[in-house]
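There are 2 protein chains.
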Amino acid sequence: MSLLITTIKKLITISADEEAILTNLFKPLNLKAGEYFLEEGQLCRYVGFIEEGLVRYYMNDDGNQKTLYFNKEGEFVSNYQSFLPRVPSNTSIQAIEDTVLQVINYADMQRMYSDVKEGERLGRLGIEHVFLNSIQQLKSFYKDSPADRYQEFLRCYPDLAQRIPQYYIASYVGIKPQSLSRIRKRLVEPK
Amino acid sequence: MSLLITTIKKLITISADEEAILTNLFKPLNLKAGEYFLEEGQLCRYVGFIEEGLVRYYMNDDGNQKTLYFNKEGEFVSNYQSFLPRVPSNTSIQAIEDTVLQVINYADMQRMYSDVKEGERLGRLGIEHVFLNSIQQLKSFYKDSPADRYQEFLRCYPDLAQRIPQYYIASYVGIKPQSLSRIRKRLVEPK
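So the sequences go chain by chain: A and B. Numbering (numbering that gives the first Met the number 0) for the first sequence: 0 to 190. Numbering (numbering that gives the first Met the number 0) for the second sequence: 0 to 190.
Keep in mind that a hint or two might mislead.
[Said to hold, decoys possible] Here chain A is said to cover these stretches of chain B; the calculated rule only asks that three of the stretch's residues, wherever they fall, bring their Cβ under 8 Å from a Cβ of chain A: (1) 63 to 72; (2) 118 to 125; (3) 136 to 146.
By construction, these hints were calculated from the structure, which means they are not laboratory data. Owing to the predicted nature of the structure, the values given are computational and were not obtained by experimental measurement. We put the CB at the ideal spot given by N, CA and C, even for glycine.
Assemble the whole structure, with the sequences as input and the hints as a guide.
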């Protein structure tokens with residue numbers, strides 16, 4: 000059974016027929032490291048589920064890339080602010096490892112809502128999760144100091160610190176890579 | 000028929016039995032102008048629907064009240080970041096007119112999901128709407144200039160400019176009331 004189906008079964012109850020419907024509605028998409036799930040200015044056409052790999056979300060801010068967020072295997076990936084109202088995205092989503100996804104488009108998502116008994120429940124629980132996560136990430140992005148951002152990074156992504164290049168971590172924290180080294184040094188030194 | 004039921008019927012199809020269930024799950028709550036739907040530090044226990052009246056959302060920032068948002072008759076009101084994960088709210092919601100609400104608590108919301116056939120769909124559509132709105136409001140709160148905030152206020156709340164006291168509009172825009180007068184003057188003067 001795919002990680003996608005295992006994950007869905009943790010959220011809702013599905014019959015064997017519905018498992019087949021879901022397996023059919025999601026399509027495979029493979030990205031090499033560096034390739035894009037979504038580029039700024041495009042419509043976000045899919046909600047994806049990461050079977051293997053890692054992506055980062057970033058925005059351009061006066062020519063600087065600011066990293067907002069990461070998603071890894073076992074997680075859903077999308078820019079709902081583009082996907083739901085069908086408007087161009089102001090955010091890019093890029094694979095930073097070779098990444099294997101299952102993706103569903105907008106029309107097939109509506110099909111899921113009508114053809115899977117608890118499909119609406121899956122959608123409701125999914126968007127509740129994304130909502131809480133997005134608000135917290137966005138508040139932190141605008142409000143928190145780099146030192147707080149780094150500690151938050153370690154708390155949210157404890158297993159990713161070794162997989163993400165330092166310059167992307169620095170871009171998430173909102174500082175230059177050399178400043179990140181200083182913060183890391185201060186955190187390990189006794190006070 | 001209440002405005003609540005009319006609004007729900009625009010989103011989902013309900014039977015007469017389900018209309019009775021919904022009418023029973025929502026309870027009346029009346030607030031005088033100045034009273035609170037939710038105070039900072041409390042758990043947000045309800046999702047409310049405003050039959051009549053007007054509320055504002057605000058946060059305390061170093062002793063200053065910063066107004067984030069307004070809701071009026073025909074709209075749902077809640078702090079989902081407190082209501083969904085059952086944690087204390089960092090936002091207050093205050094009636095700024097005498098306000099008549101219908102409110103539903105967390106347990107009754109779960110009952111709605113199980114007892115109303117399209118209840119999950121209502122929940123999914125509701126949270127999608129709140130999600131898009133909240134992200135846009137939060138980005139604007141942190142990023143936009145006072146002049147942009149004021150124009151956004153007029154765009155989002157064209158009918159409310161006369162009902163909301165100037166000092167709350169100034170607090171939403173993020174400036175002192177006298178600065179708001181200057182912005183308003185500049186907007187009406189020919190360039």
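A quick look at each hint next to the structure:
no.: 1; hint: 63 to 72; verdict: violated (count 0)
no.: 2; hint: 118 to 125; verdict: holds (count 4)
no.: 3; hint: 136 to 146; verdict: holds (count 4)
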